[in-house]
Amino acid sequence: MATVAPAASAAIEPLGKARASRLTRERVRYAWLFLAPMLVVLFLVAAWPLGRTMWFGLTDANLSDLAGAQFVGFANFAYLMSDPDWWQAVRNTVTFAVISVTLETILGLGIALAINANLPGKGLMRTAVLIPWAIPTIVSAQMWAWMFNDVFGVINHMLMAIGIISQPVAWTANPDTALWAVIMVDVWKTTPFMALLILAGLQMLPSECYEAAEVDGVHPLKVFWKVTLPLLKPALMVAVIFRILDALRVFDVIYVMTGNNKSTMSMSIYARQQLVDFQDVGYGSAAATMLFFIIAIFTVAYMTLGRVGKED
Amino acid sequence: MTRAQRRLLNRILYYLLMAVIVFYTVFPFYWAIVSSLKPPAEMFRVDFLPALRFENYVAVFREQPFARNILNSVIVAVSTVAVSLALAVAASYALGRIQFTGRSVLLFTILGVSMFPQIAVLSGMFELVRALGLYNNLLALTLSYMIFTLPFTVWVLTTFMRELPRELEEAAVVDGAKPFTIVTKVFMPLMWPALATTGLLAFIAAWNEFLFALTFTLSTEMRTVPVAIALISGASTYELPWGNIMAASVIVTVPLIVLVLIFQRRIVSGLTAGAVKG
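These protein sequence lines are chains A and B, in that order. Residue numbers for the first sequence follow the working numbering, beginning at 1 and rising by one. Residue numbers for the second sequence follow the working numbering, beginning at 1 and rising by one.
Among the clues, some could well be false.
Footprint (simulated), chain A over chain B, 3 or more residues, beta carbon under 8 angstroms [claimed, not checked]: (1) 38-49; (2) 52-64; (3) 89-101; (4) 112-119; (5) 155-162; (6) 191-205.
Simulated from the structure, these hints should not be mistaken for laboratory data. Yeah, the Cβ is synthetic: ideal placement off N, Cα and C, and Gly gets one too.
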């Protein structure tokens with residue numbers, strides 16, 4: 001068959017090629033036809049509103065009169081740069097993102113390794129880990145706000161029972177502990193996601209390395225540092241950047257637990273407060289645009305790393 | 001220490017670690033259930049076993065239109081899933097099965113959209129919603145939720161489409177089938193697992209969304225469940241009706257947890273397909 005093929009195809013080539021390219025053209029036309037509805041919707045809900053937000057950032061638009069907005073150049077951005085509250089929000093957001101993602105990675109790695117150990121009970125653990133993931137963020141924020149309650153909260157009760165604190169702490173009201181309380185909730189809620197991503201990475205590692213290490217009698221801790229961690233690094237990096245992007249736009253958990261409190265306010269909350277509560281759409285849009293560009297930089301990093309990790 | 005002893009010790013440590021992990025992940029929800037089942041007068045007492053009193057559950061439905069809020073969430077989540085799957089199946093056929101210039105640029109643009117912070121489109125979306133006359137209307141939520149459901153449904157379904165055998169489509173093309181028929185008659189029947197996974201993830205994302213729902217609805221009757229739960233208030237900020245909040249939380253979370261437990265394998269594979277392979 002293979003030996004006849006060149007001669008046969010040479011004979012029918014003119015006809016075959018014309019037909020094939022007509023078919024290809026038709027298929028490409030269909031491709032755009034099938035893509036069109038999705039692209040129209042995506043343009044309407046993503047590109048267009050993003051462009052409008054960026055435009056509003058350059059105007060003095062007000063929520064009650066968007067049409068009467070006047071162009072003011074970069075005045076909003078200049079004011080943003082000089083507002084200590086904005087910088088406080090930037091600091092809060094970065095602190096929140098760095099600490100919670102670090103904790104989630106360490107805990108997630110631990111949980112993933114425990115599940116991956118293939119001992120009985122792994123199914124139970126995998127199921128238990130999915131529960132925080134399934135609970136809506138708003139609900140988990142409320143659940144923890146209740147546990148953190150200064151007077152009736154179970155956390156104060158337990159900590160006092162074992163003698164770590166001597167009197168109740170107002171976890172979410174005290175500026176020193178409020179951000180930590182919020183971080184605790186985020187860690188609880190998103191560690192499972194991290195653990196599942198890392199677990200998927202672990203399960204793709206080649207087993208030969210481990211067999212070789214076992215034969216050579218290498219200490220398990222050394223195997224972890226020298227084999228598992230380096231091999232896991234691409235998957236880990238992707239998961240970490242994915243989570244950082246998510247943490248930088250945090251809104252729900254902080255809004256519910258501490259509201260518009262300055263000591264925990266994130267960039268998203270700052271922007272929404274300006275936009276909706278103070279009706280200052282121009283200034284709020286400028287803040288939202290800044291957040292967009294910060295996240296865009298991370299996204300480019302994520303995609304570059306994603307491509308490097310993929311290589312196919 | 002002998003080898004056997006060390007092994008036993010390792011086992012014990014392992015199960016201890018496992019108990020800690022399970023306690024850590026499950027206890028907060030257990031505590032919400034216990035709190036929700038207490039009579040309001042006993043909320044301040046710390047008891048670790050539920051009292052099985054349902055006053056809080058009755059109060060949630062009596063004191064605000066919570067049944068309406070649940071219905072709103074169901075309408076929004078179901079319509080979001082239906083629309084985004086319909087759009088994504090068509091798009092994923094084009095992106096997964098047909099070679100054309102600009103395809104990978106398009107795929108990466110779509111992936112980029114999934115990284116958009118919602119706040120960055122909030123004022124533009126608000127203007128759009130008002131211009132379409134959809135302010136304080138559930139349709140505003142269905143429309144705006146496309147920004148986060150479309151990217152990942154398109155992405156995951158494209159990956160799935162790409163892996164289906166080529167022969168299937170070739171046979172249909174030889175028989176003279178048009179792409180619409182190929183998608184609905186040849187691919188759709190094979191895609192149910194992927195559709196179930198992505199549909200479920202989109203459902204959960206829409207069910208849990210807060211920022212748009214908070215901003216684009218006004219009246220208590222139009223609120224979805226997360227907004228209703230976040231805004232339950234008592235006589236003053238210092239007297240939040242925690243019993244009601246916990247009861248409402250349990251009501252909306254139990255169905256989700258049941259769904260997740262039933263479909264856990266699919267969810268895990270769906271989540272990791274989106275992030276690791278993508």
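Going through the hints against the structure:
{"no.": "1", "hint": "38-49", "verdict": "holds (count 3)"}
{"no.": "2", "hint": "52-64", "verdict": "violated (count 0)"}
{"no.": "3", "hint": "89-101", "verdict": "holds (count 8)"}
{"no.": "4", "hint": "112-119", "verdict": "holds (count 7)"}
{"no.": "5", "hint": "155-162", "verdict": "violated (count 0)"}
{"no.": "6", "hint": "191-205", "verdict": "violated (count 1)"}
Taken one by one, the earlier hints fail for this structure at numbers 2, 5 and 6, listed in ascending order.
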